[in-house]
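Generate the whole structure from the sequences, applying the supplied hints.
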Amino acid sequence: MTVQNSYWANQGPVEAVVIGASAGGVEALLTIFADLKPGFRLPIIVVLHLPDERRSQVAEVFARRLPVPVREAQDKQPIEPGTLYFAAPGYHLSIEHDHSFSLSQEERVHYSRPAIDYLFESAADVYQQRLAAVLLTGANQDGARGMSLVKELGGLTIIQDPDEAQVSTMPRAALDLCQPDCILPLRGIGRLLVELEHNACY
Amino acid sequence: MHRNTDIELRLLIEAIYLKYSYDFRDYSGASIKRRVNHALRQFDCNTISALQERILHDPTAFMQLLQFLTIPVSEMFRDPEHFLAIRQEVVPILKTYPSLKIWIAGCSTGEEVYSMAILLREEGLLDRTIIYATDINPRSLEKAKQGIFSLENIRAYTHNYQKAGGQRSFADYYTAAYDYAIFDKTLRENVTFADHSLATDSVFSETNLISCRNVLIYFNKNLQNRAFGLFEESLCHRGFLMLGSKETLDFSDYSKQFTSVLKQERIYRKL
Ligand SMILES: C[S@@+](CC[C@H](N)C(=O)[O-])C[C@H]1O[C@@H](n2cnc3c(N)ncnc32)[C@H](O)[C@@H]1O
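Quick mapping for you: the protein sequence lines, in order, are chains A and B.
Counting from 1, position 112 in the first sequence corresponds to residue 111 in numbering that gives the first Met the number 0; the numbering is continuous, with no gaps.
Counting from 1, position 135 in the second sequence corresponds to residue 134 in numbering that gives the first Met the number 0; the numbering is continuous, with no gaps.
Honestly, the hints are just simulated from the structure, not real lab data.
Please read these numbers as outputs of a predicted model, since none were measured by experiment.
A portion of the hints provided could be inaccurate.
Stated by the list, open to error - Which chain B residues face chain A? A few, computed with CB under 10 Å, are given here:
{"#": "1", "residue": "R2"}
{"#": "2", "residue": "D5"}
{"#": "3", "residue": "E7"}
{"#": "4", "residue": "R24"}
{"#": "5", "residue": "G28"}
{"#": "6", "residue": "R33"}
{"#": "7", "residue": "L55"}
{"#": "8", "residue": "Q66"}
{"#": "9", "residue": "I70"}
{"#": "10", "residue": "K220"}
{"#": "11", "residue": "S244"}
{"#": "12", "residue": "K245"}
{"#": "13", "residue": "T247"}
Quick reminder that beta carbons are idealized off the backbone N, C-alpha and C, glycines included.
In structure tokens form, the structure reads like this:
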């Protein structure tokens, strides 16, 4: 396992966190969010692949367990600080330059809609080095391309340690394509989110 | 500082507007960018500037690019609960009107138009209804006029039709020929298909009901407001507005001019 701690040195404050997760994602997310405290002020935007593309209860499930507001991201909705957003099933989720969400129904990417790649790429475009991107467990290749762009545009890149991931395909695919700033187990990612908050820019 | 690709993208969109009068300037940026990048690969162009040169000098290349820029995906009785809600909550009110004008904006290849026509026929309303079905993509409109859909989707459509409260056998509405289902042409007797852009054109008629589904998510807030303005102007007092399942008036300038009848199904009425 490699953990590079250099990111604090050249990483300025972060304005938003994007997270991608697939198979095994619900448990992984609950673990990394366990340290979230009320008053956490960074927006966190999550694409979680779900088997069913119709209505989903994910936002409700997390809302019951977490001390921060949890919503399904809506089209044209401005991104609020301190809120955890989930992508709606069946639609791609993007971030626009005016810091609002947009939804779309283009083709699936790696059989997935929402696609982690699309969220990461659009977020990288908007926030550039003021973005942290986290890629977790999953059984496909989604997120790898997006992660590379986040890295290219100077954002902080974090990939779950594939040895610890419930399904390692997704983190491994991303590691094949880019060298992230940190490779961490879930607890480490949770702690890092809290640290990012202390260094956040508002 | 802008990156080269962002500059090129803006210039391309501007060139399309100046040359062909299609206005994509106020579409959601992230999705437009992806679709142009996708087109680059298909056109075998290395840069957006190269693509711009191509389409400026070759109208047929532009027509091809338009197929990438507009997202034509559709299905019959898409979101069956929505059509069921129309049947149960909206049709009883429509039945009190002596005649009806319906505008389906962004009708794409026509699946939504035929679905609406089938529903209206079963409710005994089709004969006194005029439907305006509009889109900016001439190829899609041409397909919509034909009413011929691939047979491989018919199973899914039949399922949707039943879930949407369909009262007959779905096969009554089409004849199968080879790999196609040819829809009953009497369904489109009162349908006018027309080229109309929510971005550049104005209102053409008063209407009782407007359905604009899965179009507005591709617009930015400004352009959504323009479209809602057109709908507000076109609808008669208490007219109905139907949106796609992830579209909402909530973040627009027009949220106060409409009331929501069924929030979940995105059915609104003009106040
Ligand atoms: C995803 S399809 C929706 C089809 C159908 N309404 C449905 O819900 O299944 C979107 C359609 O909007 C059309 N469109 C895009 N921009 C438009 C504009 N400015 N004015 C009218 N239609 C537009 C596209 O050409 C495309 O056919």
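Evaluated hints:
Checking B:R2 against chain A by beta carbon gives a least distance of about 9 Å; that is within 10 Å, so the hint holds. Because the beta carbon of B:D5 sits about 8 Å from the nearest beta carbon in chain A, less than 10 Å, this interface hint is met. With its C-beta approaching chain A no nearer than about 14 Å, B:E7 sits outside the 10 Å limit, and its interface hint is violated. For B:R24, the suggested interface contact is broken, since its CB lies about 14 Å from the closest CB of chain A, more than 10 Å.
Evaluation of the B:G28 hint against chain A yields a held restraint, the C-beta minimum of about 6 Å falling below 10 Å. The interface hint given for B:R33 is met, as the beta carbon of that residue sits about 7 Å from the closest beta carbon of chain A, less than 10 Å. Below 10 Å, beta-carbon pairs count as interface contacts, and B:L55 has none with chain A, the closest being about 25 Å; its hint is therefore violated. The restraint placing B:Q66 at the interface with chain A is violated, with a minimum CB-CB distance near 13 Å, outside the 10 Å limit.
Annotation: interface hint on B:I70 holds; nearest CB of chain A at approximately 6 Å, less than 10 Å. Hint status for B:K220: holds, given a least beta-carbon distance of 5 Å to chain A, under 10 Å. Annotation: interface hint on B:S244 holds; nearest CB of chain A at approximately 9 Å, less than 10 Å. Of the supplied interface hints, the one on B:K245 holds, with its beta-carbon coming within about 5 Å of a beta-carbon of chain A, less than 10 Å.
The criterion of a C-beta within 10 Å of any C-beta in chain A is met by B:T247, whose closest approach is roughly 6 Å, and the hint holds.
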